[in-house]
Amino acid sequence: MNTFLKQLQLKFGNNDDFFYLQETLLDTPIVRMGFYSLIDVVRTKLSLQTYIKAAADANLTVDEFKNILGDIQNSTAVDDAITCLLQGKLLIYFEKDDSYVIMEPAPKPLNRAVESPTNENVFLGSLNSFTEDIETNIGIVRKQLLTDNLRVKSFKIGSDEITQLSLVYYEGRANRGLIHKLIDQIEKNKHKQTANLQQLSKKVFGFSSWSLISNFNQTELPQEAVNSLRKGRAILFVDRLPNALVIPGILWDVFCLDSDRNLSLPLMYFLRVLRVLGAFVTIILPGLYVALVSVNPEVLRIEMALSIAQTRIGVPYPAIIEIILMLFVLELILEASIRLPKNIGPTITMVGGIILGQAVVQAKLVSNLLIIILAATTIANSTIVGLQQSLALRISKYVIVVLAAIFGVLGILEGLVLICAYIASLNTYGIPFLGLSKEKDEINHG
Amino acid sequence: MGQSIKHAWRITSIVGCLGVLCGCWDNRDIDHRSLPVTMGLAYHDNLYDVVLQIPEPQSNGTNIRIIKQSGKTINEAVDKISERMESSVDLLHLKLILIEKGYAQQGLTDSISSFMRSRDISPKAIIAICNEDLGPFFDFVKKSMSPKGTTLYDCFEKNAGWNPQMALTHIWQVYRSIHSYTRDIAIPVIKSGKSGTIDYEGSAIIKNGKMIDQITPEETLLFNSFTGQSAQGKIEVMDKASVLVLKSSMHHHSKLIRDTPYLDVQITMKVSILETKGSVSSEVIKQELKEILTKRFNRMFRKTQVREADILGLGQYYRNKIPRTKLRHWRTEYLPKLRLNLKVKTIIQNEGNTKLE
Chain A
1 MNTFLKQLQL KFGNNDDFFY LQETLLDTPI VRMGFYSLID VVRTKLSLQT
51 YIKAAADANL TVDEFKNILG DIQNSTAVDD AITCLLQGKL LIYFEKDDSY
101 VIMEPAPKPL NRAVESPTNE NVFLGSLNSF TEDIETNIGI VRKQLLTDNL
151 RVKSFKIGSD EITQLSLVYY EGRANRGLIH KLIDQIEKNK HKQTANLQQL
201 SKKVFGFSSW SLISNFNQTE LPQEAVNSLR KGRAILFVDR LPNALVIPGI
251 LWDVFCLDSD RNLSLPLMYF LRVLRVLGAF VTIILPGLYV ALVSVNPEVL
301 RIEMALSIAQ TRIGVPYPAI IEIILMLFVL ELILEASIRL PKNIGPTITM
351 VGGIILGQAV VQAKLVSNLL IIILAATTIA NSTIVGLQQS LALRISKYVI
401 VVLAAIFGVL GILEGLVLIC AYIASLNTYG IPFLGLSKEK DEINHG
Chain B
1 MGQSIKHAWR ITSIVGCLGV LCGCWDNRDI DHRSLPVTMG LAYHDNLYDV
51 VLQIPEPQSN GTNIRIIKQS GKTINEAVDK ISERMESSVD LLHLKLILIE
101 KGYAQQGLTD SISSFMRSRD ISPKAIIAIC NEDLGPFFDF VKKSMSPKGT
151 TLYDCFEKNA GWNPQMALTH IWQVYRSIHS YTRDIAIPVI KSGKSGTIDY
201 EGSAIIKNGK MIDQITPEET LLFNSFTGQS AQGKIEVMDK ASVLVLKSSM
251 HHHSKLIRDT PYLDVQITMK VSILETKGSV SSEVIKQELK EILTKRFNRM
301 FRKTQVREAD ILGLGQYYRN KIPRTKLRHW RTEYLPKLRL NLKVKTIIQN
351 EGNTKLE
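Sequences listed follow chains A and B, in order.
Residue numbering for the first sequence follows full-length UniProt numbering, beginning at 1 and increasing consecutively.
Residue numbering for the second sequence follows full-length UniProt numbering, beginning at 1 and increasing consecutively.
These are computed hints drawn from the structure, not numbers from a lab.
All clues stand as given, with none of them false.
Derived coverage of chain A by chain B (criterion: at least 3 residues anywhere in the stretch with Cβ under 8 Å from a Cβ of chain B; other residues may be distant): (1) 289-295; (2) 310-324; (3) 402-416.
Cβ atoms here follow ideal geometry from the backbone N, Cα and C, with glycine treated the same way.
So that you can see chain A by itself, here it is in the shape it has in the complex (with noise of 0.2 Å):
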C-alpha cells in the first residue's frame, strides 16, 4: 500500500461511516472511498455501473474512462483529497498510475428544500429564502437577478475545519475598492479559524466585536439581498447560514424594505415614516415615562399630571425601578418566546398577558400607565426591519432610561445625542454607517 493510501487510512480509518473498497474497473484495480453518511452508496454504484457499461461498449481505455470520470488529481495532493472526501465527494484511486479522480456522486439528501423565510415576513414580495447550502444560495440569486454582471468569488476559509464564503457583487456597481479590500481581507486571513459570524467578522475581516450593529445587515430574503446587490453592495454567503450577509450594512436597511417598493409611492412612504417613528417611540417612550414621572412633572399638563399620580398611588418603587423590573421581565417574555417550541409558544403569551396586563397592576408593583408604555414601546420595536437590528434599538433604550432618570427631559436629549453620535461613529471600511445606499460607481467607474 502507497504513502496515499496510507495516509488516508490513517485520517479517516476509524471512522465507521468511511468505506474503503478495493475493486476492479475496467481491469483495472482501483479503490473506491468517501462517506456513506455523506454519499447515497447505491445509486452512486448504479450510476458508476452505467458509466462502465458504457465506456466497455465504446472501447474505451482505461485513461480516457478516467476523464469522463472526474477530475484527475496527483496523489502528492492529499490534502485536496481529503477536503474532497469531507464535501462528500467519491474518490476513486487508481493504483496503476498512482493518481486518483474525484467523481460527484449521488449526495444524501441533507439539505432542505427552498422554502418561504421564517425569520421575516414579507408582504407582497417574492416568497423564496435562502438555506442552508452555499451552493443553492447563489442559484437563487443568480435567478432573480439575470446579468452577466454578477460576480461571485468563492474562497475557503479555515485550518482544521473549512468552511466556503462566497463573495458576490455586482460589476460595475460595487464600490471597486471595497470589494479589493474584502478579496484582501480574506485573501490574507483565509487560515484563520472561524465557527461563527462573531469570529468571521473579527477575524477575517476587521472589524470590532464589540459593536451593537453589525457590519453585516443579514437577510434570508433573496428579494432584499438582490437588492442591494442592485444598490452597489456586496453579498458574502456562509455555508451552512442560511443567511446573506450584506455588506456594508447601512441604517436605512433597518427602514427600507425592497418590497415596499411593490407599492405605490404614498404607501411605500407611510410605511417607511411609520417604522422610523416605531424607532423613535421605542428608545424614547420608556425614558420619557421616567422623566415625566420623577423629573420634570411640570412639562405635562396639569389633569395628565393628576391623572398620572393617580395610577402610581401606593406603587412602592420609584420609577426608575420600576421600569426596568418591567423591561426586564418583558425581555424575558420575548427571549422565552423565541426559545419555545411553536406549540408551547402561545402559552408563554397568555400566561405574561395576564401576568403583565392584570395582576402586576391589581397588585400595585406598578402603575397602570407604565403598562402602557410597555406595550407601545414593545409594539413599536416589532416595525424594524430586521431582528438584529431591533436588538440594538432594545439595548440602546436603556441608556435613555437610565440618563432620564438622572437628568430628565434633558437627559433624552442627551442619550438621542449619544446614540446619534455612536451610530455616526460607525463605519465599514470608511463607508459610513448613515450614508445612504447609492450605485455610486455606476457613475465613476462605469
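Given the coordinates of chain A, work out where chain B should sit on it, guided by the hints.
Frame of chain A, contents of chain B only:
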C-alpha cells in the same frame, strides 16, 4: 487583554461617576409631590397669607385640600405648608394666583417680581383678583368643586371655561405693565358664585401694580378684542336682536400733532344673527351694534383717561413718535389729551336659516 481591561475600567469609572455625582436621588416621583393648582394671596398685618388649593388624587377621583399658612414672605408660608404635608409642595404646576382685593389695592409689585424671580412658578400662571376674603372663598371652592381638582383653573383655561368677556392675564404681563411707561393691564375680578362656579365681576385696572378701578365684563370684551384676544362667541344683547360675534379685527392709525396724540381706530366685527324681536333689517342691527359698542368703548376709554391708566396699551402706538425722555410722562401728560376716533364696522356674515327683511 490588558487593553480591554483598561477600557472596561474606564467605562465603569465614568458610569460610576455619573451615578455618584449627579444627585439623582433627589428626584421625587410625581405621586410624592403635591401639585397646587391655585394659590391665594393676601396681606394682613405685615404678614402674607398663602392659601394653596391642592388636588389630591385618590384611587376613585380627586379630593381638594385647602391649606393656609402665613409668613413674612410668600416662600416662608409655602415652606411652612410643605413642612406640614406628607409630600413636598411643588409649585411647578401652579396655574392660577388669586389675590385678595385689599392686597391688590395696596400694590402687587413685590409679589409679582418674586413670582417672576422664582424658578418654580411659571410666568405663564394666570392672575386674578378675589373680591372676597380668601377664607370664605376657598371654603366655597372646597365645597363646590370637589370631584375635579382643576375646576377653578378651568374657568380661565382658553379651551375650557374661558369666555371672551373675561380678561386673561398672565404674571409676566403684569410684570411688564409695572415696568412699562406705556402699558397697563386689566386683571379679572371674581368671587364665589351664587349659581355656577364663580361669579365674574369684570376686570380691575392695574396701574403700576396697584388696582385703581374696575371695568365691567362688557368693557372687558372690548378690551380683549382691542388687545388681540378673540372676542368670538360673545352674544351681544340689544333691544331688537342678539348676535354672535364670529371674528373681530382692528386697525389703528396714530399721529401726534403739537404734543396732542390722535388715534383713529376701526373695529371690524363679523357677526351672525341669533335672535330677532319683531321685524328688523340688517341696517338697524348694524346701527344699533355700532351705537352700543361706541358708547361702551367711550365710557371705558374715559375711565382710563381719568385714572391715567393705559390698559389698552395705546401708548404703544406712540413709542416711535414721542422721545424716550418724555415717554415716561405718557400716562400723565399725553394720555388725558388723547383724541380717539372710533369707527365700528359690522359685517353680518350669517343671517341664520331665516332671512332678514
